[in-house]
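If you're matching them up, the sequences are chains A and B in order.
Under this note's numbering, read the first sequence as residues 1 to 584, first letter to last.
Under this note's numbering, read the second sequence as residues 1 to 584, first letter to last.
One should not assume that every hint holds.
When chains are identical, the list treats them as one kind, so a pair holds in a single copy or across two.
Below, a list of computed lysine-lysine pairs in the DSS-like style, where the Cα atoms sit at most 27 angstroms apart [stated by the list, open to error]:
1. K139 with K536
2. K529 with K127
3. K560 with K114
4. K125 with K112
5. K147 with K112
6. K112 with K560
7. K278 with K315
8. K549 with K537
9. K549 with K536
FYI, nobody ran anything at the bench for these hints, they're computed from the structure.
Read off the chains here:
Number of protein chains: 2
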Amino acid sequence: MWFVRIDMTNRSAAVSEAPAKYKYLAGRAMTSTLVADEVPPLCHPLGPSNKLVFAGGITTGTPAPTSARISVGAKSPLTGGIKEANAGSSWAADLAVMQIQALVVEGQPAEKGKYWGAYITYDGKPKVEFFDATEYTGKVLPEVFPKIYEKFGDKISICSIGTAGEFGYGNSGVVFNDLAKRPTRYSGRGGLGAVMGSKGLKFLVLNRENAPGVHIEDKALFDEGRKKMIDALRTHAITKPKGALNSYGTAVLINIMNEAGGLPTRNFSSGRFEGAPKIAGEAIFETNKERLGKELYNHACSPGCIIQCSNTYHKVDGSEHTSCIEYESDWSLGANCGIDNLDHVAELNALCNAYGLDTIETGVTIGVAMEAGVIPFGDGEAAIKLVHEIGKGTPQGRILGAGTETAGKVYGVKRVPTVKGQAMPAYEPRAVKGIGITYATSTMGADHTAGYTIAPEILGVMGKQDPLSNEGKAALSRAFQATTAFIDSCGHCLFIAFAILDIASGYQGMIDECNGVLGTKWTADDILKYGAEVLKKERAFNEAAGIPKEADRMPEFMLKEPLPPHNQVFDIPESALDSVYGEL
Amino acid sequence: MWFVRIDMTNRSAAVSEAPAKYKYLAGRAMTSTLVADEVPPLCHPLGPSNKLVFAGGITTGTPAPTSARISVGAKSPLTGGIKEANAGSSWAADLAVMQIQALVVEGQPAEKGKYWGAYITYDGKPKVEFFDATEYTGKVLPEVFPKIYEKFGDKISICSIGTAGEFGYGNSGVVFNDLAKRPTRYSGRGGLGAVMGSKGLKFLVLNRENAPGVHIEDKALFDEGRKKMIDALRTHAITKPKGALNSYGTAVLINIMNEAGGLPTRNFSSGRFEGAPKIAGEAIFETNKERLGKELYNHACSPGCIIQCSNTYHKVDGSEHTSCIEYESDWSLGANCGIDNLDHVAELNALCNAYGLDTIETGVTIGVAMEAGVIPFGDGEAAIKLVHEIGKGTPQGRILGAGTETAGKVYGVKRVPTVKGQAMPAYEPRAVKGIGITYATSTMGADHTAGYTIAPEILGVMGKQDPLSNEGKAALSRAFQATTAFIDSCGHCLFIAFAILDIASGYQGMIDECNGVLGTKWTADDILKYGAEVLKKERAFNEAAGIPKEADRMPEFMLKEPLPPHNQVFDIPESALDSVYGEL
Numbered sequence: 001m002w003f004v005r006i007d008m009t010n011r012s013a014a015v016s017e018a019p020a021k022y023k024y025l026a027g028r029a030m031t032s033t034l035v036a037d038e039v040p041p042l043c044h045p046l047g048p049s050n051k052l053v054f055a056g057g058i059t060t061g062t063p064a065p066t067s068a069r070i071s072v073g074a075k076s077p078l079t080g081g082i083k084e085a086n087a088g089s090s091w092a093a094d095l096a097v098m099q100i101q102a103l104v105v106e107g108q109p110a111e112k113g114k115y116w117g118a119y120i121t122y123d124g125k126p127k128v129e130f131f132d133a134t135e136y137t138g139k140v141l142p143e144v145f146p147k148i149y150e151k152f153g154d155k156i157s158i159c160s161i162g163t164a165g166e167f168g169y170g171n172s173g174v175v176f177n178d179l180a181k182r183p184t185r186y187s188g189r190g191g192l193g194a195v196m197g198s199k200g201l202k203f204l205v206l207n208r209e210n211a212p213g214v215h216i217e218d219k220a221l222f223d224e225g226r227k228k229m230i231d232a233l234r235t236h237a238i239t240k241p242k243g244a245l246n247s248y249g250t251a252v253l254i255n256i257m258n259e260a261g262g263l264p265t266r267n268f269s270s271g272r273f274e275g276a277p278k279i280a281g282e283a284i285f286e287t288n289k290e291r292l293g294k295e296l297y298n299h300a301c302s303p304g305c306i307i308q309c310s311n312t313y314h315k316v317d318g319s320e321h322t323s324c325i326e327y328e329s330d331w332s333l334g335a336n337c338g339i340d341n342l343d344h345v346a347e348l349n350a351l352c353n354a355y356g357l358d359t360i361e362t363g364v365t366i367g368v369a370m371e372a373g374v375i376p377f378g379d380g381e382a383a384i385k386l387v388h389e390i391g392k393g394t395p396q397g398r399i400l401g402a403g404t405e406t407a408g409k410v411y412g413v414k415r416v417p418t419v420k421g422q423a424m425p426a427y428e429p430r431a432v433k434g435i436g437i438t439y440a441t442s443t444m445g446a447d448h449t450a451g452y453t454i455a456p457e458i459l460g461v462m463g464k465q466d467p468l469s470n471e472g473k474a475a476l477s478r479a480f481q482a483t484t485a486f487i488d489s490c491g492h493c494l495f496i497a498f499a500i501l502d503i504a505s506g507y508q509g510m511i512d513e514c515n516g517v518l519g520t521k522w523t524a525d526d527i528l529k530y531g532a533e534v535l536k537k538e539r540a541f542n543e544a545a546g547i548p549k550e551a552d553r554m555p556e557f558m559l560k561e562p563l564p565p566h567n568q569v570f571d572i573p574e575s576a577l578d579s580v581y582g583e584l
Numbered sequence: 001m002w003f004v005r006i007d008m009t010n011r012s013a014a015v016s017e018a019p020a021k022y023k024y025l026a027g028r029a030m031t032s033t034l035v036a037d038e039v040p041p042l043c044h045p046l047g048p049s050n051k052l053v054f055a056g057g058i059t060t061g062t063p064a065p066t067s068a069r070i071s072v073g074a075k076s077p078l079t080g081g082i083k084e085a086n087a088g089s090s091w092a093a094d095l096a097v098m099q100i101q102a103l104v105v106e107g108q109p110a111e112k113g114k115y116w117g118a119y120i121t122y123d124g125k126p127k128v129e130f131f132d133a134t135e136y137t138g139k140v141l142p143e144v145f146p147k148i149y150e151k152f153g154d155k156i157s158i159c160s161i162g163t164a165g166e167f168g169y170g171n172s173g174v175v176f177n178d179l180a181k182r183p184t185r186y187s188g189r190g191g192l193g194a195v196m197g198s199k200g201l202k203f204l205v206l207n208r209e210n211a212p213g214v215h216i217e218d219k220a221l222f223d224e225g226r227k228k229m230i231d232a233l234r235t236h237a238i239t240k241p242k243g244a245l246n247s248y249g250t251a252v253l254i255n256i257m258n259e260a261g262g263l264p265t266r267n268f269s270s271g272r273f274e275g276a277p278k279i280a281g282e283a284i285f286e287t288n289k290e291r292l293g294k295e296l297y298n299h300a301c302s303p304g305c306i307i308q309c310s311n312t313y314h315k316v317d318g319s320e321h322t323s324c325i326e327y328e329s330d331w332s333l334g335a336n337c338g339i340d341n342l343d344h345v346a347e348l349n350a351l352c353n354a355y356g357l358d359t360i361e362t363g364v365t366i367g368v369a370m371e372a373g374v375i376p377f378g379d380g381e382a383a384i385k386l387v388h389e390i391g392k393g394t395p396q397g398r399i400l401g402a403g404t405e406t407a408g409k410v411y412g413v414k415r416v417p418t419v420k421g422q423a424m425p426a427y428e429p430r431a432v433k434g435i436g437i438t439y440a441t442s443t444m445g446a447d448h449t450a451g452y453t454i455a456p457e458i459l460g461v462m463g464k465q466d467p468l469s470n471e472g473k474a475a476l477s478r479a480f481q482a483t484t485a486f487i488d489s490c491g492h493c494l495f496i497a498f499a500i501l502d503i504a505s506g507y508q509g510m511i512d513e514c515n516g517v518l519g520t521k522w523t524a525d526d527i528l529k530y531g532a533e534v535l536k537k538e539r540a541f542n543e544a545a546g547i548p549k550e551a552d553r554m555p556e557f558m559l560k561e562p563l564p565p566h567n568q569v570f571d572i573p574e575s576a577l578d579s580v581y582g583e584l
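Please put together the full structure from these sequences, using the hints given.
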């Protein structure tokens, strides 16, 4: 396995054998370990000491289903702490088949305003060349991606940033191509696009030609595991073909969360949105059906995915509008802004993809701007104008591009739904207590994917748990956070969790696949320990970066303002919050 | 002594006897104790749980010289920690002679956009009435103050906020009248104006008529102390009549700091400014002389001050331009922005006073905006336009009004000279190491007044210490911080320090005055303990607010970029920084 280090100080690259001490590290375990080992916790996130690390998971690049995930890590400009954000893309598989265990971008050019691309090929080992990419800056990504395909051919995969990353926004993602070559797959959270932009790096282009592929230590065991995983995914109601995700996408959650009274509405002032049915996954499906004259099931974001949850939304004339409207985006740009017009939500989603923005952070920031009176709640057209301002870097746009917490400070708003500087996602903590514990305590800032207790609390995975109850929720969040840290390292999409938590053989399948690839003999216990180790490293980094346990808290308004319709506050005791990592 | 509590939730006031447990607390000791005891450390600074506390010092309202200081405390919107900012004004003396030990503003009205004033008189005890002040909002303060004098008569003192406080800016001060009834005396730092604004409070008007005056327990001892203090102040070269401060004001430091290579220039990129002589205190004196045709010595900011260091700067036609151009303002709006035109600096100073802004935070923020390319370094006219934008609340203005650290985030700048969210003042830590330790470790964020080691390191007070040396500087900063916490509580202006640290009888005079007022028998040791206790309370509040010792650090660029002309970095070890409070 290779380590590829790109030093942007002088645009040099070093390819070396991966360090033996990192042998079993992949995905989030790899990025978080490298950031913890090499990035000074108190460095400026946009300065030369920060490092941007890319790593595929253990099974990435193999025929394991739904395994083409790429982890991106760095010190976050949004939270000031450690960050891992992952996406599904052929880019992940390409990095893996070139046997690159970690791609590390370091340093920073002295010169400002010039941008570069790195083109990585394989010839006995990985090889890096640089090209001037300044001409591709200041443009929307759907204009830029085709030019890169034109330049390097169809076989490549692209990683890039939009103008958001160029401007150094706390809200700026790292984008990867989807299977239709569109710039739509985001490691969106935490401002990693700005870290890439601060290094003068616009593209990381991979060409997998002549790559040797992933070495699998025990092919028979791997195949056995893979079969178990496929069976579980094809059986479970949520992940099976024409099941919930394949039909309605993640946006199927809009109606479910609204019903549960946990769909944050108008800047987290209610848990129920009267316009929810108009923007729900079912509405996306029906609108497409009406506009295309046929039923359209969802597609895969990355090679080998059999869940296939990504939708494409179409305009009135049947032409493509945007892909994909995830639940989180649909909610943040819709319900959270009081917007119930799906065409407006789709346009906002398309603009986030075009400018390189995280949809969650964007929608929550606009919600705060609406609360400040900048534009009215529900005004989709005004919101569209604001996102254009973000993408163009006007003063108003810069305020919003800096992310929710900073925008809240600039506007003097006191109802700002963030933890550790990161905007809360689409599940109301006052209505779903376990996910609130994850928001409060995660090393990532408010992040649903860090410990998705929605699975049991709302979807009944592993048996239904009362979302309004506090009982056992700290332990639940802790277990989910540790398991997730492993899943984020194994290469699979987090959505395997629905199937493998309900179907034991699926869980064993994940372990078998990993043991097959690595030649290890891990048990279910080892998996949890592996995940816990990752969390501990992340936590230690954050503490050294000046983020203490007192940062594991909800914003004050959630402790004081009862949320309709359940009229509950977030009432998890601080001792329970502290126990999540205290007892890890 | 009285406690006056104003609850803005419903505009009610409660006057009660001061709690016995607070018997010896005054000034900063009073405000910090009350904030520590009553404000939840994790509350939103602009929310209903924050409290704004006003307290005069031990000798305030007595004939002790230079003693009319008012401390204002709260949880700071700028730093997220505890804040005390003090000013000199007749308002302080008026509060003291009404025997109000603490004035506490609590709660928050539900209704937005309406502002109120509180009019406090004395009739056997303090009495509070409210008046609608909405008509006075959205205006510059020099328009507003005369209307309040017109309304309540000439005998009053006024505390207020400008539009900066109304907008909820992190950069917004609380302003008090000077002796010429101008809105010029600021508790400027830390965004306390926004806390006042968040409570819908525009004015606190005091009318001292019929007030009983300060009770002095041992008049003879007090008089003895007062005489020692007066003798020291009248003798010392810095504080005596027609001495350094009386002639050139605090801006006498421009040339001195420039000579020392410690005058931060162009956003802390050099320690020397070629334009320094053009904006120095001497230049202010000479310009006034030329424009007025006579020498103009400085005046007192508050009743009873015999140092009299406040200048008034005049326009070409001899009319008044602004009062007072302090060293810090002169530097921040001048050298730090590369501006060497004194008329531009004066106008910027006048605008800060008019809009209710802290001059330090304003100048440092504009320096960061200049670094971001918003306007060029040195362009005074463009800077004036920016400050108008701040005062008017345009998007650009809001970015800058939020303070240096937030503006740095919005602009994606990595050279941001702040500690704990507060802009660094006018002394370069790489050229004067002791003051850097104070910046790094103070409970207040970067603050020169928290432990002014400039006295020995630059001015030779107590014997000259090498500013570039690290030797003994942690202990020096610790001793200065503890002593300062007492001085900030005793009612005297910090500028007594020059005299009392060099002249032992002056120091004893301060102690005698306090013992005289309170009937205590404090020794010099007790003074240090009193100060240390204040610091410990503040530190504990900050830790509970999520500000750990890892926040006691300089920004990365100061550790890496050598500063001309001495070409030194800030090289105080972290262990030394930790020892400041670790060994308190």
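task: Have a look at K560 and K114 and pick one of within, between, both or neither, based on CA distance no larger than 27 angstroms.
output: between (48 angstroms within a copy, 23 angstroms between copies)
- Item | Alpha-carbon proximity context of K112 and K560, limit 27 angstroms | between (46 angstroms within a copy, 19 angstroms between copies)
For K147 and K112, with the copy left unspecified, which applies at a CA distance of at most 27 angstroms: within, between, both, or neither? Within one copy only: 23 angstroms inside a chain, 51 angstroms across chains, cut-off 27 angstroms.
Pop the pair K549 and K536 into one bin, within, between, both or neither, using alpha-carbon distances up to 27 angstroms. both (13 angstroms within a copy, 20 angstroms between copies)
Notebook entry, point to check: How would you label the pair K549, K537 (within, between, both, or neither) given a Cα cut-off of 27 angstroms?
Noted result: both (15 angstroms within a copy, 20 angstroms between copies)
Regarding K529 and K127, is the shortest C-alpha distance of 27 angstroms or less found within a copy, between copies, in both, or in neither? neither (35 angstroms within a copy, 65 angstroms between copies)
Can you give me the call for K278 and K315, within, between, both or neither, at a CA distance of at most 27 angstroms? within (15 angstroms within a copy, 64 angstroms between copies)
(message) Please sort K125 with K112 into within, between, both or neither, judging by C-alpha distance up to 27 angstroms.
(response) Cα proximity of K125 and K112: none, with 32 angstroms in one copy and 64 angstroms across.
Up to 27 angstroms between alpha-carbons, please classify K139 paired with K536: within, between, both or neither. neither (40 angstroms within a copy, 53 angstroms between copies)
Of the numbered hints given earlier, the model fails hints 1, 2 and 4; all others are met.
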